[in-house]
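K.L.:
Listed below, chain by chain, are the residues.
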Amino acid sequence: MTAPNWKRLAAAAVAAASRVVEVPFHAVQRAFGVGPMPWLFLAPNLVIFGVFTFLPLLINFYYAFTGGAALYPSERPFTGMENLATLFDCGNHFDPSTCRKDLFWRAIWNTAKFSVLQVTLMVLFSVITALVLNRKVIGRGFWRGVYFYPVLLSPVVVALIWKWILQREGVLNAIVVAAGGAPFEWLTSGSWAFTWVIFVSIWAHMGFYTLILLAGLQAIPKDLYEAAQMDHASPWRTFRRVTLPLLMPNLLVVFVLAAIRAVQTFDEVFVLTGGGPGSATTFIVQFIYQTGFMEQIRLYGLAAASSLVLAAALIVLTLVQLRLAGNRDAKQR
Amino acid sequence: MIGFLTRTRGRGRLDWTDWFTYGYLTLGLFLMFGPVAWLVLSSFKTESAIIEFPPSLLPMGTKQVVVAGEGKPKPIYRVTLPDGTTRELAELRRIGLVSTMVDPAHPDELLRVPIDRRTPVREFRLATENYTELAGKFDFGQYLWNSVFITVVATIITLLFNSMAAFALSKYRFAGRQTVFLLILSTLMVPPTIVLVPNFLVVSELGLLNSLWGVIWPAVATPTGVFLLRQYMLTLPDELLEAARLDHASEWRIYWRIVLPLTAPALAVLAIFSVMWRWNDFLWPLVVLSKSEKFTLQLALNAFQGDLVTQWNYLLAMTVITLVPVTLVFAFLQKFVTQGIASAGVK
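In order, the protein sequence lines correspond to chains R and V. Sequential numbering from 0 applies to the first sequence in numbering that gives the first Met the number 0. Sequential numbering from 0 applies to the second sequence in numbering that gives the first Met the number 0.
Don't read these hints as lab results, they were simulated from the structure. Check before you lean on any hint, since a few could be wrong.
Covered stretches of chain R (chain V as the covering partner; in silico rule of three or more C-beta atoms under 8 Å from a C-beta of chain V) [as the list claims (entries may be wrong)]: (1) 91–103; (2) 298–305.
Taking lysine to aspartate or glutamate pairs in the DMTMM-like style, the calculated list, with each CA pair at most 20 Å apart, reads [as the list claims (entries may be wrong)]: (3) V:K290 x V:E204; (4) V:K62 x V:E87; (5) V:K290 x R:D94; (6) R:K135 x V:E87; (7) V:K136 x V:D17; (8) V:K62 x V:D82; (9) V:K136 x V:D14; (10) V:K62 x V:D138; (11) R:K135 x V:D17.
In silico contact screen, one side only, chain R against chain V (beta carbon under 10 Å); selected entries [what the hints assert, rightly or not]: (12) N4; (13) L8; (14) I58; (15) L116; (16) Q166; (17) I287.
Quick reminder that beta carbons are idealized off the backbone N, C-alpha and C, glycines included.
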């Protein structure tokens, strides 16, 4: 018995598939020449972007201004600004309990608080880690990999790893007990759950930003440091005047990416805490998901209106960051 | 602190900043790998060992021995006898507070021991049954298949579609090229979370709800992939294409036979990214796939951890299996991933 030659089988399969796919390409070229060929090559991508990105974007607008529980747009009554008005109906926007949709505002303030804390702390630790890795360390590739590994894990796996550690009979409580404390329900106290959500999300994503910052640090010309040394610049001054300014473009990129991602945090938190206890760790994307897909009556209109609010936040965030970057460039020039 | 922040290269001798460096890195090793190591160790614990508190570091199971004349292996206990001596005995059966025990070396001599006089003898044992019983316990094979199917098929289509678009955008001059390129890049700014609700409508109108294709199609046109491949194809010399055209090669042939093989390094990077994206996807499959037989591994994990009685030993084993592919990528292909992140700035 001979083992099948997998390499040859795969090559044959690819060749056969190509013979099917190439038919329209040959036909069009024969009929119309080279002119339309680039559009034919673009077509599959553009169709998918059209159907699954641009069309939904338009429908989302329509949804946001219609009511009822029907999924099909033509069956939905036009209600104008009602959805947005419902979302923004508040006695005091800073106090969610005075709002008609109190969960929406809790989610917004939770997301804001989470984003500010998570992004700041994560970028801080990423910078420190990148600086450490940029030193002359033995086995840098290995250490870099250590911080990068969690980035590859799925959010569900990340959440389960930490849920297992943080549960009542978990290893963290074992350490607490060994140190003379009492076991604690880490995820059923609102403020602790919030703290752990920030910690876990930093743990999972830090390596990615460290990598970008490390690449930025390694691109700084070495002779600048030699020049600083010749001028007897203090280490702190060298950091302020050489490292920081030259790292700034990367630092801004990292801030933008981290903020845009933080605002959309969902998966890890949803599996780790389910948004609880209560609504202590419910963020805006979870609100959209719950409103649109988990409730008995699926309020697609309200969910779509909420995602408009999220989109607005993302656009503002991007514009602010672009402006920041522009200012900095102008100053340096 | 300041010296550490600024100095980039040491000068051969170990000062306190070096100590700080290695201290920091070791702490990082513990914090980053520790939780995963703990998960893997825990996944090999028996059902009873897993609910122990405080937990043992290594997976331990009660030592077992085959006693002559008994079918199943019997657990071994350390017993303090009335005369003060301790012996290791196998427990044959237990009635109430009294256990019937026997010395495996002398299977004829039965001893009756109060249960508070015995403690189990434990040894290092990997409970591989957590893994082997998975297949029968849940529809594990089905979830694994769903995940593998989505990942493989979506990656193949992604490579094909994205490289075709990248080819058009890098090797042709035509009116509207810049517009199309910017349009594709702009979709980077539309995160899937924004179009969750309308995309659900589109997918359900196409009859793809609760179908694996409902997860695959919306995901295969990635702006990141088009961008990555286009940048790479721009570096290929156009003379190659001209030469082929003089030989009357069709446009498809040029793409398939000349450009695509030369783009292999960039395709490899995109393939790795695509595998990780699709394998780890959660929110979109959660919306599209609501029937449990269509669940991916990620959805199944989420569903089981929410059960009232979580069977942690199976759940942890399933989690470990779920992280195997990305760990393999990490171990063998890390170079490509970091290179991809450096060149495209996206994950």
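K.L.:
Take the hints in turn and mark each one as holding or not.
P.N.:
Here is what the structure says about each hint:
no., hint, in the structure
1, 91–103, "violated (count 0)"
2, 298–305, "holds (count 3)"
3, V:K290 x V:E204, "holds, 18 Å"
4, V:K62 x V:E87, "holds, 11 Å"
5, V:K290 x R:D94, "violated, 39 Å"
6, R:K135 x V:E87, "violated, 56 Å"
7, V:K136 x V:D17, "violated, 51 Å"
8, V:K62 x V:D82, "violated, 25 Å"
9, V:K136 x V:D14, "violated, 56 Å"
10, V:K62 x V:D138, "violated, 32 Å"
11, R:K135 x V:D17, "holds, 9 Å"
12, N4, "violated, 20 Å"
13, L8, "violated, 15 Å"
14, I58, "holds, 4 Å"
15, L116, "violated, 18 Å"
16, Q166, "holds, 9 Å"
17, I287, "holds, 6 Å"
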